[in-house]
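K.L.:
With chain S fixed as given, assemble chain V onto it according to the hints.
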Amino acid sequence: MHSFGYRANALLTFALTILALMCAIASFSDNLNHPSPAAQVQVLNINWFQKQPNGNDEVSMTLNISADLQSLFTWNTKQVSMTLNISADLQSLFTWNTKQISLWDGIIPAKENAKFWIHTSNKYRFIDQGSNLRGKEFNLTLHWHVMPKTGKMFANKVVMSGYRLPEEYR
Amino acid sequence: MGWIGDTVDSVKSIQIRQLLTQAVSLGMIVTSALIIWKALMCITGSESPVVVVLSGSMEPGFKRGDILFLHMSKDPIRAGEIVVFNVDGREIPIVHRVIKVHEREDTGEVDVLTKGDNNYGDDRLLYAQGQLWLQRHHIMGRAVGFLPYVGWVTIIMTEKPIIKVGFRILTGP
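Going line by line, the protein sequences match chains S and V.
Position one of the first sequence corresponds to residue 18 (our numbering), numbered consecutively onward.
Position one of the second sequence corresponds to residue 994 (our numbering), numbered consecutively onward.
Bound-form chain S, shown alone (with noise of 0.2 Å):
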């Protein structure tokens, strides 16, 4: 009933259970973060905005994006990945095909660069599918995703409206 198995068995089993325990806390207590961002973007320059020989509208813009991130960070968090979507505004939701699309994206490794600016021009091609994107507002939406040393991801993101793209290619 004492052999060594039996004791390796039990030792196993108990460190395990702690290990587990100590996970579901440390993802517990990430709740107690009341966290609060702030983000803000420019819209400084349409660079291009031309309808491609296949029929579908693609636009080419400059970006400023500052944000505060660090109050996101706790002692659970590995990484911040953050992703600038443009959407389309609700009032022409259902004549523009395009729902997001990711206009640039980043990861902050630690809570010392969550606080920064860049100037940039959009990482990914805005494409629509189809012509009528002219005229159209739309908003831009900074999505951060929190990934953790373990347990639950976080989510959330701030909405940026008003913003408006030109009547004329050019």
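Hints may be right or wrong, so weigh each one.
[Stated by the list, open to error] With a Cα cut of at most 30 Å, we get these calculated BS3-like pairs of lysine-lysine: (1) V:Lys1056 x S:Lys95; (2) S:Lys169 x S:Lys140; (3) V:Lys1056 x V:Lys1031; (4) V:Lys1067 x S:Lys166; (5) S:Lys169 x V:Lys1056; (6) S:Lys174 x V:Lys1067; (7) S:Lys153 x V:Lys1067; (8) V:Lys1056 x S:Lys166; (9) S:Lys95 x V:Lys1067; (10) S:Lys95 x S:Lys128; (11) S:Lys174 x V:Lys1056; (12) S:Lys174 x S:Lys128; (13) S:Lys166 x V:Lys1153.
[To be verified] Some chain V residues well away from chain S (every beta-carbon gap over 12 Å; in silico): (14) Asp999; (15) Ser1048; (16) Thr1147.
These are computed hints drawn from the structure, not numbers from a lab.
Heads up, the beta-carbon is just placed ideally off N, CA and C, and yes, glycines get one too.
P.N.:
Chain V in isolation, oriented as in the chain S frame:
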């Protein structure tokens, strides 16, 4: 003569009893694992609620050997989310981030494009020949939970058969 026979009988009965106990506890382990798996399938709505990350294409977020918990809900898929999808003709599901979502107004069908955080380009090269977009039925779920290193157990078991045999011998009755 009498007490020797008694001893032999008692030893035999203990062995049979031990053997039965072992068989029952083994059965308990197998069935409880099955119950947990099926319950997770019901709760998460995903046909495989737990996946092991096999490649480094999502580093530094997810490394090889990490475990992801999936959830499949009716919510629309949004750009920026991490999804697990199955491509036709490939057995192993892939974990990547969504970068584009298009939706047809009339049918409500979605076209989704994905990319690995650690990859330079998008995933069109990984999709089936001539496939440009993922549809809803390709997607198995979105990642909601994360547990590091635990998946190494299954990776070692599947990729090093000798250890698997050794493990069987160690844990076998």
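K.L.:
All hints, please: hold or fail.
P.N.:
How the hints compare with the structure:
no.	hint	result
1	V:Lys1056 x S:Lys95	holds, 12 Å
2	S:Lys169 x S:Lys140	holds, 29 Å
3	V:Lys1056 x V:Lys1031	holds, 26 Å
4	V:Lys1067 x S:Lys166	holds, 28 Å
5	S:Lys169 x V:Lys1056	holds, 16 Å
6	S:Lys174 x V:Lys1067	holds, 20 Å
7	S:Lys153 x V:Lys1067	holds, 28 Å
8	V:Lys1056 x S:Lys166	holds, 12 Å
9	S:Lys95 x V:Lys1067	holds, 28 Å
10	S:Lys95 x S:Lys128	holds, 10 Å
11	S:Lys174 x V:Lys1056	holds, 25 Å
12	S:Lys174 x S:Lys128	holds, 18 Å
13	S:Lys166 x V:Lys1153	holds, 28 Å
14	Asp999	holds, 22 Å
15	Ser1048	holds, 17 Å
16	Thr1147	holds, 16 Å
Hint compliance for this structure: every hint is met.
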